[in-house]
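Residue numbers (the numbering used here), protein chains in the order written: chain U, 18 to 277; chain P, 7 to 212.
Quick caveat, the hints were computed from the structure, so don't treat them as lab data.
Possibly wrong hints are sitting among the right ones.
Residues from chain P shown here face chain U by an in silico Cβ test under 8 Å; the list is partial [unchecked claim]:
(1) THR8
(2) PRO9
(3) ILE10
(4) PHE14
(5) ARG15
(6) GLY16
(7) ARG17
(8) PRO20
(9) VAL39
(10) LEU40
(11) ALA42
(12) GLY43
(13) THR88
(14) SER91
(15) GLN206
(16) TYR208
All C-beta atoms in this analysis are idealised placements derived from N, C-alpha and C, irrespective of residue type, glycine included.
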Amino acid sequence: MTARVAATRIEWRLATVLDVVPETPGTRTLLLDVPGWPGHRAGQHVDVRLTADDGYQAERSYSIASPPEDEKLALTVERLVDGEVSPYLTEELHPGDKFELRGPIGGYFVWDLPSGGPLFLVGGGSGIVPLMAMIRHRDSSLAAGDPDARKKLPTRLLYSSRAWDEVIYRDELAALTAKDPTLEVVHTLTRNPPAGWTGFHRRIDRAMLAEVGWPASDTPRVFVCGPTPLVEVVASTLVDLGHQPALVKTERFGPTGGPT
Amino acid sequence: MTPISRGFRGRRQPEGAAARLPPGQYETRDFPVLSAGPTPRTPLSVWDLTLRAPDGQSARWTWDELVALPREKVTVDIHCVTKWSKFGTSWEGIAIDTLISAASARGVKTASYVMARSDGGYTTNVPLADLTNGQGWIAFNYGDAALPPEHGGPARLLVPHLYFWKSAKWVRELRFMENDTPGFWESLGYHNYGDPWREQRYAGDE
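Pulled out of the complex, with its shape left as it was, chain U reads as follows (with noise of 0.2 Å):
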């Protein structure tokens, strides 16, 4: 009865950056060379390891961007303010710098073609990039001159942001969705919108997930990524329109914004 998993140790491995790509003012892409890298699944992250030169150590958890097909290992990563990891990634690696990472990590919060669609992707600030690593999963692996097998899973992406040039990867996503017919973005933007903006300007709520979402009733696979303020509201408002608990997938991060 008792079922043992002959588990194999998560090993610590040296990754070499290979590029620093900047996505916003706010945050980088680490293009990463990882020898005996086991391959991941879209949605799963890796724990970063730091070491200064006397020895003290740091740990942080970062999702990772890349999908299973591409060569190199993408990690996005958004400096925090006050961040003791995330200024030194965005700002002080370069090319050839090494550091320790280990993954993937996590086993819930992915998505594969087999787990099915439709796909209704919802995020907030940085909680795009395992959401990201969902949407190039689809686009790579499923072939370009295959419409019919698109058609049979069509994505959904909601995201939410502060500001246009906050959007991470909004160029790509643009390139993606004029391509592609069976994948739609929609932008929130909650603060600062450009002149002539006719999109969303507002937190994401009720009435927008009802329009951009899937009904309850085309059972579509929710995955929702972001502060835990937006988390919260979105899988409750979700389970409120009539989703089963259980096909809405959350990860969250950051504080809670509460009293305690």
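With chain U fixed as given, assemble chain P onto it according to the hints.
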């Protein structure tokens, strides 16, 4: 083998804090929220807690019955596998020892392992020996207020000496098992036991 990160200073903890931090953890003053799905909301009028023996015998408490049991207040450090630790968190609840005594008086036998089951279907496994002798509680107050739903209210398991995913939010049942069986995260790559001081984060960590 471990590379030095040129220019990385990090944020050194004061002496006292450093000694309270398990390896790989950092102190936060916030109380981050982590859960795999939507926050369940069960009305207290239908809420109950069940202790269930391997033979199916069970003891059940309604909300009013549970909170009428002798309460304990504890102040403990908590450690989340996602790396944050929070010092000096204050909780109020019912010791698992108290529940087990009351349950055994009703003929409910314990066993070596416990599966906690929550609203929403979450499960986590903990050895009985880690819940008894003042090491585990069903907590319903945090600070001096009712535990908020996003933090596991109305009641969560509190096992502060293990990584915090073992402290199941929205707990409704403790089921005693003769054999250890992995729960939700334990089946998805996380460590079966989860001792922060041995940094048992993931399956395969020693």
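Structure-based check of each hint:
1. About 5 Å separates the beta-carbon of THR8/P from the nearest beta-carbon of chain U, less than 8 Å, and the hint is met.
2. Contact between PRO9/P and chain U, as hinted, is supported at the beta carbon level, the nearest pair being about 5 Å apart and thus within 8 Å.
3. At a threshold of 8 Å, the smallest CB-CB gap from ILE10/P to chain U is about 5 Å, leaving the interface hint in force.
4. Against a cut-off of 8 Å between C-beta atoms, the interface hint on PHE14/P holds, since the closest Cβ of chain U lies about 5 Å away.
5. For ARG15/P, the suggested interface contact is upheld, since its CB lies about 6 Å from the closest CB of chain U, less than 8 Å.
6. Hint on GLY16/P holds. Least Cβ distance to chain U is approximately 5 Å, under the 8 Å limit.
7. Because the closest C-beta pair between ARG17/P and chain U is about 5 Å apart, less than 8 Å, the hint holds.
8. Given the 8 Å rule on beta carbons, the hint for PRO20/P is violated: about 13 Å separates it from the nearest Cβ of chain U.
9. Hint status for VAL39/P: holds, given a least beta-carbon distance of 5 Å to chain U, under 8 Å.
10. The closest approach between the C-beta of LEU40/P and any C-beta of chain U is roughly 6 Å, which is under the 8 Å cut-off, so the hint is satisfied.
11. Hint status for ALA42/P: holds, given a least beta-carbon distance of 5 Å to chain U, under 8 Å.
12. Among the interface hints, the one on GLY43/P holds; its C-beta lies about 5 Å from the nearest C-beta in chain U, closer than the 8 Å criterion.
13. Hint on THR88/P holds. Least Cβ distance to chain U is approximately 6 Å, under the 8 Å limit.
14. Because the beta carbon of SER91/P sits about 12 Å from the nearest beta carbon in chain U, more than 8 Å, this interface hint is broken.
15. The closest approach between the C-beta of GLN206/P and any C-beta of chain U is roughly 11 Å, which is over the 8 Å cut-off, so the hint fails.
16. Interface restraint check: TYR208/P against chain U, minimum CB-CB distance 5 Å, threshold 8 Å, status holds.
Checked against the numbered hints listed earlier, the structure breaks hints 8, 14, 15; every other hint is satisfied.
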